[in-house]
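Peer 1: Residue numbers (my numbering), protein chains in the order written: chain Y, 3 to 352; chain L, 3 to 352; chain S, 3 to 352; chain A, 3 to 352.
Among the hints, a few may not be true.
Treat identical chains as interchangeable: a pair holds within one or across any two.
For lysine to any residue, the following SDA-like pairs were computed, each having C-alpha atoms within a straight-line distance of at most 20 angstroms [what the hints assert, rightly or not]:
| id | residue 1 | residue 2 |
| --- | --- | --- |
| 1 | Lys79 | Ser96 |
| 2 | Lys218 | Ile65 |
| 3 | Lys8 | Ile65 |
| 4 | Lys348 | Val151 |
| 5 | Lys205 | Val151 |
| 6 | Lys36 | Ile65 |
| 7 | Lys348 | Tyr140 |
| 8 | Lys8 | Ala66 |
| 9 | Lys218 | Phe142 |
What the hints contain is simulated information worked out from the structure, not anything from laboratory work.
The primary structure of each chain is shown beneath.
Protein chains: 4
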Amino acid sequence: MLVVMKQGASQEAISRVVETIQDMGYDARPIPGKQRTAVGLIGNDGRVESARLEGLDGVLEVIAVSHPYKQVSREWKAEDTVVTLANGTRIGGSEITIMAGPCAVESEDQIVGIARTLSEMGVTILRGGAFKPRTSPYSFQGLGEEGLVLLARAREATGMAVVTEALDPEGVELVAEYADILQIGARNMQNYPLLRKAGRSGKPVLLKRGMSATIKELLLAAEYLLAEGNDQVILCERGVRSFDTHTRNLLDLTAIPVVKSLSHLPIIADPSHGTGLRAKVTPMARAAVAAGADGLMVEVHPDPGRALSDGAQSLYPEQFRELMTQIRVIAQALDRRVGSPRTVEKALSS
Amino acid sequence: MLVVMKQGASQEAISRVVETIQDMGYDARPIPGKQRTAVGLIGNDGRVESARLEGLDGVLEVIAVSHPYKQVSREWKAEDTVVTLANGTRIGGSEITIMAGPCAVESEDQIVGIARTLSEMGVTILRGGAFKPRTSPYSFQGLGEEGLVLLARAREATGMAVVTEALDPEGVELVAEYADILQIGARNMQNYPLLRKAGRSGKPVLLKRGMSATIKELLLAAEYLLAEGNDQVILCERGVRSFDTHTRNLLDLTAIPVVKSLSHLPIIADPSHGTGLRAKVTPMARAAVAAGADGLMVEVHPDPGRALSDGAQSLYPEQFRELMTQIRVIAQALDRRVGSPRTVEKALSS
Amino acid sequence: MLVVMKQGASQEAISRVVETIQDMGYDARPIPGKQRTAVGLIGNDGRVESARLEGLDGVLEVIAVSHPYKQVSREWKAEDTVVTLANGTRIGGSEITIMAGPCAVESEDQIVGIARTLSEMGVTILRGGAFKPRTSPYSFQGLGEEGLVLLARAREATGMAVVTEALDPEGVELVAEYADILQIGARNMQNYPLLRKAGRSGKPVLLKRGMSATIKELLLAAEYLLAEGNDQVILCERGVRSFDTHTRNLLDLTAIPVVKSLSHLPIIADPSHGTGLRAKVTPMARAAVAAGADGLMVEVHPDPGRALSDGAQSLYPEQFRELMTQIRVIAQALDRRVGSPRTVEKALSS
Amino acid sequence: MLVVMKQGASQEAISRVVETIQDMGYDARPIPGKQRTAVGLIGNDGRVESARLEGLDGVLEVIAVSHPYKQVSREWKAEDTVVTLANGTRIGGSEITIMAGPCAVESEDQIVGIARTLSEMGVTILRGGAFKPRTSPYSFQGLGEEGLVLLARAREATGMAVVTEALDPEGVELVAEYADILQIGARNMQNYPLLRKAGRSGKPVLLKRGMSATIKELLLAAEYLLAEGNDQVILCERGVRSFDTHTRNLLDLTAIPVVKSLSHLPIIADPSHGTGLRAKVTPMARAAVAAGADGLMVEVHPDPGRALSDGAQSLYPEQFRELMTQIRVIAQALDRRVGSPRTVEKALSS
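Model the full assembly from the supplied sequences, consistent with the hints where possible.
Peer 2: Here it is as structure tokens:
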């Protein structure tokens with residue numbers, strides 16, 4: 003950490019900074035410059051409360067040199083983390099893993115039907131919301147536990163793994179009984195009691211980036227999970243808030259190579275929430291794979307015009323089939339391939 | 003709601019939109035224009051799932067004409083809501099109400115001491131965090147229930163009311179035992195289980211705007227509270243995320259007059275989190291009052307250089323005293339005055 | 003255009019809106035709703051000054067239904083515009099067109115050397131700045147006209163077309179003498195005198211999206227060019243400003259499919275400025291092609307460590323060669339192919 | 003400048019950084035830390051091309067410690083700059099200076115009429131656009147030189163000074179013949195040829211912050227003016243782009259105290275463009291004064307409902323009169339007062 007002093011800061015102010023750093027238990031090293039002096043804080047273990055230094059007299063700014071996250075960083079663990087599910091699906095290796103399904107579970111016919119369709123197209127993870135966080139208290143909020151039961155039936159019928167969201171610490175236990183992957187939604191990325199509980203659930207966690215979270219904050223949120231002993235974490239870029247209302251969110255695909263250089267955790271993209279518009283989902287799903295995503299989460303609905311939520315961003319099954327064909331070609335350009343039930347079987351038998 | 007069709011949309015596409023609207027239980031009225039046709043949806047009760055319409059063939063965009071929130075709106079209730087606390091303090095009337103105190107409760111000496119100082123300066127509400135949501139899992143997370151106990155002691159010693167944050171549904175009950183106002187933090191603005199629980203707590207709720215929440219989303223989050231029967235709600239502008247790193251957040255003071263025109267709920271400003279820098283807190287606190295805020299929440303610490311959190315944005319007690327003097331003058335320009343223990347006593351005896 | 007009235011707006015206020023619309027020369031049609039009345043403005047020719055209506059008593063908001071741009075829109079011209087250069091290169095058809103070269107022209111050796119390298123790799127358009135807009139007045143500002151002369155030499159040596167930036171109306175004539183494509187930079191997207199001059203230059207124009215321009219504003223800026231009679235316009239996504247400082251800009255690839263649905267103009271992406279970091283250029287270049295971009299503009303420098311500007315985002319020639327290999331594979335997934343000197347020759351001889 | 007190396011960067015990589023810094027003509031000083039090594043660049047004169055260092059192997063990031071601007075900074079000149087006009091009005095001292103008038107000059111009656119009204123209310127600077135930068139090429143673009151002539155007539159009639167915008171380098175000379183202050187609009191904040199020309203015009207310049215400009219970029223744009231020898235510069239906060247569409251822009255009032263701590267130049271606020279809505283102009287004008295602005299630029303129109311541009315954000319004269327009364331009270335809280343023709347006369351006679 004570097005404490006930059008104002009030009010002409012008094013020797014007394016510099017000494018005060020040095021003493022404060024020492025009082026905090028670290029070493030201080032003044033570095034005189036042409037324009038101004040800086041004081042280096044040596045030995046930062048990630049717990050330094052920089053605010054204490056920022057407010058001192060004569061301080062211009064405090065610059066973090068070390069990163070505040072640890073276990074999620076590539077410096078902590080160089081090789082890629084690969085999350086492996088009970089049905090053999092792997093996320094984070096050389097394969098590109100597809101999660102697909104409707105926004106919300108609506109009925110047994112709907113979820114089992116679409117699961118069969120997707121499974122035949124080569125998808126090994128089924129998505130579907132049972133508990134839905136909705137902006138308005140008057141919107142459809144999901145089927146609740148019944149939705150979880152129906153997801154489990156779809157799993158039995160197809161062998162797919164299931165990913166679904168938990169909204170609060172209490173819900174974590176319930177969801178963990180039914181799901182293969184616990185999802186933490188964008189609105190809850192900094193819901194720390196929820197993260198802690200998910201970190202102790204024993205299940206892999208899919209952590210979505212918050213609407214205005216920096217990459218550093220996303221990694222720190224993941225750090226909450228790893229700090230509880232859970233390193234089966236998958237990150238997900240799903241679009242950030244921006245100024246143009248042409249799309250619901252701005253899908254920040256550059257976050258994918260940035261995260262992959264900073265962290266060993268796998269990262270996938272959600273082009274459905276990331277764009278909010280069906281016609282943009284396919285191009286952006288292709289783009290995410292080309293940018294190096296370890297997988298995709300895509301909303302597909304058997305009849306989007308009648309979906310109870312997010313119909314406008316759900317693909318028709320036939321559109322999704324075409325997308326799968328395209329991303330298989332793109333994967334080749336990166337020496338990867340799209341995971342499928344066959345590769346999953348192989349993983350299980352090996 | 004207005005469904006705008008693409009130029010040259012077929013009659014069939016228009017009919018499909020009309021039928022879908024009718025299928026959803028509303029009336030449809032096509033409005034032919036020079037460039038394109040629009041279809042009005044008549045009878046919107048705030049539950050229309052517009053996504054279902056956005057995805058239909060030939061639809062260019064769907065425009066919301068009615069607002070999705072109800073009980074929080076001025077159209078629902080024209081007169082200002084005034085929240086009244088046990089110690090007589092009112093928020094939302096002609097008075098400007100000040101909440102002040104340290105970021106976090108650190109010790110009995112600290113919190114009771116600063117409470118006495120602030121009470122003497124005319125402050126009637128004490129802030130202080132017992133449960134702290136921190137970006138890093140390795141930062142100080144607050145004293146927990148012990149912090150609540152200390153806040154209660156400060157209340158006994160001074161007669162001040164206490165506002166403090168609850169982080170999860172479980173915590174709501176605990177915090178409600180000790181606090182006069184339950185605070186929902188910015189990171190939790192869309193934590194719906196927490197909002198529902200707070201809505202049923204029987205306590206006034208201070209709801210902070212999320213870091214990238216639109217005003218509509220802030221009002222919809224408040225609607226969750228009112229939908230549970232709690233109309234004792236105070237909104238709080240505390241800065242939104244923006245592109246310039248000179249300040250921690252961008253304090254959006256225009257939100258104050260915007261909210262006051264759309265809603266009957268009181269709104270205050272938090273210039274401490276809104277700027278993140280001590281030297282900017284005083285000017286922005288003045289500006290918030292001038293913009294029409296119903297009050298302020300300001301961090302004041304007896305020794306900011308040793309604060310366990312947010313020291314850089316905490317005022318020294320003497321700086322805060324000067325701020326109080328300035329805002330008393332500014333209040334006059336708006337025909338308001340700053341609430342004080344004296345006005346509070348009057349309210350109690352009347 | 004739809005003028006939405008406040009709930010309970012008086013009949014007088016509604017009449018005032020109707021009269022104002024008529025006074026502006028359009029027809030007005032009141033549309034009563036359940037919650038509120040709206041007044042449709044019929045016959046909008048794109049010149050309506052909505053501000054005049056927004057300020058009237060009883061008006062809640064004014065919603066634009068028709069788009070303010072005309073000649074750039076797909077509704078004006080359904081088929082894709084293809085820009086064809088003197089050397090046969092086409093931008094906007096089924097081919098993907100690559101523009102590459104250094105940020106700035108630095109010397110004859112540098113520019114002719116890199117042009118030969120790029121030409122051998124299949125690139126048919128050379129980029130290079132002679133006039134550089136720099137944030138600081140003390141930074142290197144480009145070689146000026148000498149840079150243009152050197153670009154022309156590189157063209158003679160290789161047969162490549164040249165794209166370079168003009169900074170002001172005076173510069174347009176000078177640049178037009180030397181360049182095959184005039185570039186308007188992001189900072190100048192709304193420099194209307196410059197756009198008008200470029201529109202009358204007789205040269206194709208590459209128009210970069212401003213740092214915080216909406217897609218609508220980008221299309222309206224292009225409309226300035228078409229309104230002067232120049233329809234040889236190429237749009238360019240180069241990243242927008244956002245809150246995360248991990249990258250210089252946030253490359254908004256979703257803008258590509260959005261623009262292609264709204265407009266007939268070709269759109270390319272600039273992943274070099276869009277990310278600002280060499281290691282992110284290749285993944286985002288791949289992603290742009292996968293998202294449907296009609297081409298790329300990529301910074302390549304023979305010795306990035308010694309570049310006079312933007313060295314950190316310039317690829318080494320060998321990195322660029324690998325990128326070309328990858329995007330040739332990705333292009334197949336979209337039934338497109340990367341343009342090359344051979345396809346250019348074919349175009350010339352046909 | 004601090005070059006932070008990746009953890010485990012090789013000694014060779016560190017040496018390469020040191021050599022590159024030396025090759026650029028500066029001194030290098032490696033600073034070993036617990037987690038990683040940093041290399042200090044000593045002697046930065048503001049011309050360091052950091053991109054050259056960012057791209058080197060083993061470099062994690064490059065952190066600017068010194069500021070890139072010089073003459074605009076408080077470290078260069080400690081005392082406040084006060085701009086004094088021919089009619090005696092001062093901007094930047096203890097007085098708060100009001101500029102008011104219509105968005106655009108529309109006719110002699112309009113501009114001379116409103117000038118008389120405003121002058122009687124105590125305003126000493128008249129604003130009014132003759133050349134209007136408009137997002138659409140089909141909108142009213144201003145009266146051009148005729149508008150300048152009419153502004154000069156209003157000056158003769160009232161003794162007010164005149165501020166109006168120049169759009170391009172050619173226009174600077176023309177505008178400088180008529181105006182007391184040359185305005186550079188937000189869209190042109192980084193139009194460097196225009197800034198250079200304005201810097202040589204011999205006239206005070208009002209420089210508006212760009213829609214997504216950081217404060218550093220605003221100060222660097224001003225540096226272009228001072229670098230040409232013109233230190234009569236007034237900065238203007240007018241709102242930045244953000245994600246909420248409730249207001250046209252997000253008025254960033256915190257920029258005012260931030261600029262005042264970094265620079266000696268005066269800064270005013272434009273709450274009309276900063277909000278885009280008449281009902282929000284008055285509260286935000288008050289707030290700007292309370293935040294410490296050296297003045298305001300406010301749109302006032304004799305008949306906003308008929309304004310040719312920006313009618314929705316123009317105050318009625320009576321609303322403006324009330325605003326003046328309120329800010330006179332607020333000024334007292336800051337030990338300042340609102341400038342008036344009387345104080346101006348005093349300044350002239352002294």
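Peer 1: Take the hints in turn and mark each one as holding or not.
Peer 2: Hint by hint, here is what the structure shows:
1. Lys79 / Ser96: within (18 angstroms within a copy, 44 angstroms between copies)
2. Lys218 / Ile65: Classified as both: same-chain Cα gap 15 angstroms, cross-chain 17 angstroms, threshold 20 angstroms.
3. Lys8 / Ile65: Both: 13 angstroms inside a chain and 16 angstroms across chains, each within 20 angstroms.
4. Lys348 / Val151: neither (28 angstroms within a copy, 58 angstroms between copies)
5. Lys205 / Val151: within (18 angstroms within a copy, 36 angstroms between copies)
6. Lys36 / Ile65: both (18 angstroms within a copy, 16 angstroms between copies)
7. Lys348 / Tyr140: So Lys348 and Tyr140 fail the 20 angstroms test inside a copy (46 angstroms) and across (41 angstroms) alike.
8. Lys8 / Ala66: Classified as both; 17 angstroms inside a copy, 14 angstroms across copies.
9. Lys218 / Phe142: between (33 angstroms within a copy, 19 angstroms between copies)
Consistency with the previously given hints fails for numbers 4, 7, ordered from lowest to highest.
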